[in-house]
Amino acid sequence: MQVQTRVDIHSEWGIVAARQAGRKLAKEIGFGSVDQARITTAISELARNIYLYANQGEISIEEVASAGKRGMKVVASDRGPGIKDVRSVMEDGFTTSGGLGAGLPGVKRLMDDFDIDSEEEEGTTIISIKWLR
Amino acid sequence: MHPSIKESILEKKDEIVEQWLEEIEQFRYEDYLQNISDSVYRSTNREFVDKIFETVDLCSDDVYERISQYSERLIQLGWPLNYITRGLQSFRQITVETLSNTGDNYCYDIEFYQEIESWIDNLINALVSDYSGSWENTVFSQKMALKELSAPLIPVFDEICVMPLIGTIDSERAKLIMENLLEGVIENRAQVVLIDITGVPVVDTMVAHHIIQAAEAVRLVGAECILVGIRPEIAQTVVNLGIDLGKFSTKSTLKKGMATALKMTDREIVDLASK
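Here the protein sequences come in this chain order: V and Y.
Residues in the first sequence are numbered from 1 upward in steps of one, following UniProt numbering.
Residues in the second sequence are numbered from 1 upward in steps of one, following UniProt numbering.
If you are wondering where the hints come from, they were derived from the structure by calculation, not from laboratory data.
The reader is advised that the hints may include incorrect statements.
[What the hints assert, rightly or not] Among chain Y residues calculated to face chain V with C-beta under 10 Å, some are:
#, residue
1, S4
2, R231
3, P232
4, N240
[Said to hold, decoys possible] Using 30 Å as the maximum straight-line C-alpha spacing, the simulated DSS-like pairs for lysine-lysine come out as follows:
#, chain 1, residue 1, chain 2, residue 2
5, V, K24, V, K108
6, V, K24, Y, K6
7, Y, K13, Y, K51
8, V, K108, Y, K256
9, V, K24, Y, K147
10, Y, K263, Y, K147
11, V, K84, V, K27
12, V, K24, Y, K247
13, V, K27, Y, K6
14, V, K24, V, K84
15, Y, K263, Y, K247
16, Y, K6, Y, K51
17, Y, K147, Y, K6
18, Y, K147, Y, K51
19, Y, K175, Y, K51
20, V, K27, V, K108
21, V, K108, Y, K175
22, V, K73, V, K108
23, Y, K175, Y, K255
24, Y, K247, V, K108
25, V, K69, V, K84
[Unchecked claim] Cβ-Cβ distance ranges computed for the label pairs, FRET-style:
#, chain 1, residue 1, chain 2, residue 2, range
26, V, D8, Y, E65, 48 to 54 Å
27, Y, N125, V, S66, 41 to 47 Å
28, V, G99, Y, R219, 17 to 23 Å
29, V, D8, Y, Y113, 36 to 42 Å
30, V, V3, Y, S39, 23 to 29 Å
31, V, E91, Y, T138, 42 to 48 Å
32, Y, D271, V, D113, 53 to 59 Å
33, Y, E268, V, G99, 57 to 63 Å
34, Y, P80, V, R133, 44 to 50 Å
35, Y, Y113, V, G99, 57 to 63 Å
36, V, D112, Y, V128, 46 to 52 Å
37, V, D112, Y, S68, 55 to 61 Å
38, V, V3, Y, V128, 44 to 50 Å
39, Y, L146, V, G99, 21 to 27 Å
From the three backbone atoms N, C-alpha and C, an ideal C-beta is built for every residue, glycine too.
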């Protein structure tokens, strides 16, 4: 049975907890140190987005396997305000909070698969997977 | 408490104590108490139950006082709160049961239950508030200790300072870093500040953003910032994220950063033996 870990994000400490859980699982799956850093950074990015824009939500991480490949899936979901224009948030340098605007496009580059689903006033769910090579 | 209830509780004291000690013995195997020796466990139980009986004829204020010395000791010895609450709950249950079995009429009175409830609830409240107070103290002092550790600026040479960062950077810490950095630069008349991020586990966009802002602010007060301690995996994630750290110089280790800083202030380290 696949073990799924879920971390609630409602304070900055939730980000740290999610990151640590992610690093632990990535290490267990067998990712190298660079990929571990990529995954933890991606989780950090996603968790921070939840904390910044939706106030609360959750990060769940699990091991996945498909077509003989093993990987790690990170799902970030919240019931926040949603993203008005998904196309523009995926552009580098777009920000509504005065940050660097590198978060979501950065996560897309850090991970292998990236899927974003957002509806205004409904919330956002981001599913991303890093495959073990 | 009503005198007649008190009297009958004290009358049945031995019976209650005996049953309670039996009951509490069973907790031991379920709880985290297994590594406590038998004799210590027994004597603590004995003392606990004696303390409970001591409070039977006190009003709630005195209860607090009497119990707090005892709880302080338990807290210091690291007994779990679980032991206290479960102990008191089973004590209440046993007391009510024992007294009900006497067959006296008053036992069916709602008042009787209320008296016992409020007696035990007072005890639980006193103990729980002592425990949580001690936790809050611990958390508070650790928070302060963490804050003291969070962003030190160390003057190492004339005009050169180092700020080693270790651990997670949250927004509160980022603010401290900025403040200490600017104050320290002015105070020490530093020309070059080395920010060492060897101990920072993750550099995401927020952390990078804070560092960029800090470096920019340092530039505004007339000093120069060098970011050192960038591990290879951090370098890769920063590139993946597409963060531009090109506005200030970066070095892999503090040692190299220090050499650059010395060069920037027209100095170098020479080996006396080779002269």
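For each hint, the structure was consulted:
Annotation: S4 of chain Y was flagged as interfacial toward chain V, and the flag is violated, the nearest CB pair being 52 Å apart, outside 10 Å. At about 8 Å, the closest approach between the beta carbon of R231 of chain Y and any beta carbon in chain V falls short of 10 Å, and the interface hint on this residue holds. For P232 of chain Y, the interface hint holds, since its Cβ comes within 10 Å of a Cβ in chain V; the closest pair sits about 7 Å apart. Given hint, N240 of chain Y at the interface with chain V, holds; its Cβ is 5 Å from that chain's nearest Cβ, closer than 10 Å.
A threshold of 30 Å between alpha carbons decides the hint, and for K24 of chain V with K108 of chain V the separation of about 21 Å falls inside it, so the pair holds. Annotation: proposed proximity of K24 of chain V to K6 of chain Y is violated, straight-line Cα distance about 57 Å (limit 30 Å). The hinted pair formed by K13 of chain Y and K51 of chain Y meets the criterion: a straight-line CA distance of about 12 Å does not exceed 30 Å. A distance of roughly 33 Å separates the Cα atoms of K108 of chain V and K256 of chain Y; the hinted pair therefore is violated under the 30 Å criterion.
Using a Cα cut-off of 30 Å, the hinted pair K24 of chain V and K147 of chain Y holds, with the two alpha carbons roughly 27 Å apart. For the given pair, K263 of chain Y sits about 33 Å from K147 of chain Y by alpha-carbon distance, which is inconsistent with the 30 Å threshold. For the hint linking K84 of chain V to K27 of chain V, the alpha-carbon distance of about 36 Å lies beyond 30 Å, and the restraint is violated. Pair hint K24 of chain V plus K247 of chain Y does not hold up; C-alpha atoms about 34 Å apart against a cutoff of 30 Å.
Restraint check for K27 of chain V and K6 of chain Y: the C-alpha separation of about 62 Å exceeds 30 Å, so the hint is violated. With a CA separation close to 34 Å, the supplied pair K24 of chain V and K84 of chain V exceeds the 30 Å bound. Note on K263 of chain Y and K247 of chain Y: the hinted pairing holds, with a Cα-Cα distance of about 19 Å set against a maximum of 30 Å. Between K6 of chain Y and K51 of chain Y the CA atoms are separated by roughly 15 Å; this keeps the pair inside 30 Å, and the hint holds.
For the given pair, K147 of chain Y sits about 52 Å from K6 of chain Y by alpha-carbon distance, which is inconsistent with the 30 Å threshold. For the proposed pair K147 of chain Y and K51 of chain Y, the alpha carbon gap of about 40 Å is over 30 Å, so the pair is violated. Our distance criterion of 30 Å between C-alpha atoms is broken by K175 of chain Y and K51 of chain Y, whose separation comes to about 50 Å. With a CA separation close to 21 Å, the supplied pair K27 of chain V and K108 of chain V stays within the 30 Å bound.
Only pairs whose Cα atoms come within 30 Å are accepted, and K108 of chain V paired with K175 of chain Y is accepted, the gap being roughly 29 Å. A C-alpha spacing of about 13 Å is found between K73 of chain V and K108 of chain V, which places the hinted pair at or below 30 Å, so the restraint holds. For the given pair, K175 of chain Y sits about 27 Å from K255 of chain Y by alpha-carbon distance, which is consistent with the 30 Å threshold. Between K247 of chain Y and K108 of chain V, the direct Cα distance comes to roughly 25 Å. Compliance with the 30 Å bound is thereby established for this hinted pair.
Annotation: proposed proximity of K69 of chain V to K84 of chain V is violated, straight-line Cα distance about 35 Å (limit 30 Å). Here the CB-CB span from D8 of chain V to E65 of chain Y is close to 40 Å, at odds with the stated 48 to 54 Å. Taking 41 to 47 Å as the suggested C-beta distance range, the pair N125 of chain Y and S66 of chain V does not conform, at roughly 55 Å. The hinted window of 17 to 23 Å between G99 of chain V and R219 of chain Y holds, with their beta carbons roughly 20 Å apart.
A hinted range of 36 to 42 Å for the beta carbons of D8 of chain V and Y113 of chain Y is consistent with their spacing of about 39 Å. For the pair V3 of chain V and S39 of chain Y, the supplied restraint of 23 to 29 Å is violated, since their beta-carbon distance comes to about 42 Å. Between E91 of chain V and T138 of chain Y the CB atoms are about 47 Å apart, so this pair conforms to the stated range of 42 to 48 Å. A hinted range of 53 to 59 Å for the beta carbons of D271 of chain Y and D113 of chain V is consistent with their spacing of about 54 Å.
Taking 57 to 63 Å as the suggested C-beta distance range, the pair E268 of chain Y and G99 of chain V does not conform, at roughly 40 Å. With their beta carbons about 46 Å apart, P80 of chain Y and R133 of chain V fall inside the hinted range of 44 to 50 Å. A beta carbon spacing of about 60 Å between Y113 of chain Y and G99 of chain V agrees with the range 57 to 63 Å that was offered as a hint. Separation of D112 of chain V from V128 of chain Y is about 49 Å and conforms to the stated range, judged on CB atoms against 46 to 52 Å.
The supplied range of 55 to 61 Å is met by D112 of chain V and S68 of chain Y, whose beta-carbon atoms lie about 58 Å from each other. Look at V3 of chain V against V128 of chain Y: about 34 Å separates their beta carbons, and that is not inside 44 to 50 Å. In this structure the supplied range 21 to 27 Å holds for L146 of chain Y paired with G99 of chain V, their Cβ-Cβ distance being about 25 Å.
Of the numbered hints stated above, those contradicted by the structure are hints 1, 6, 8, 10, 11, 12, 13, 14, 17, 18, 19, 25, 26, 27, 30, 33 and 38, listed in ascending order.
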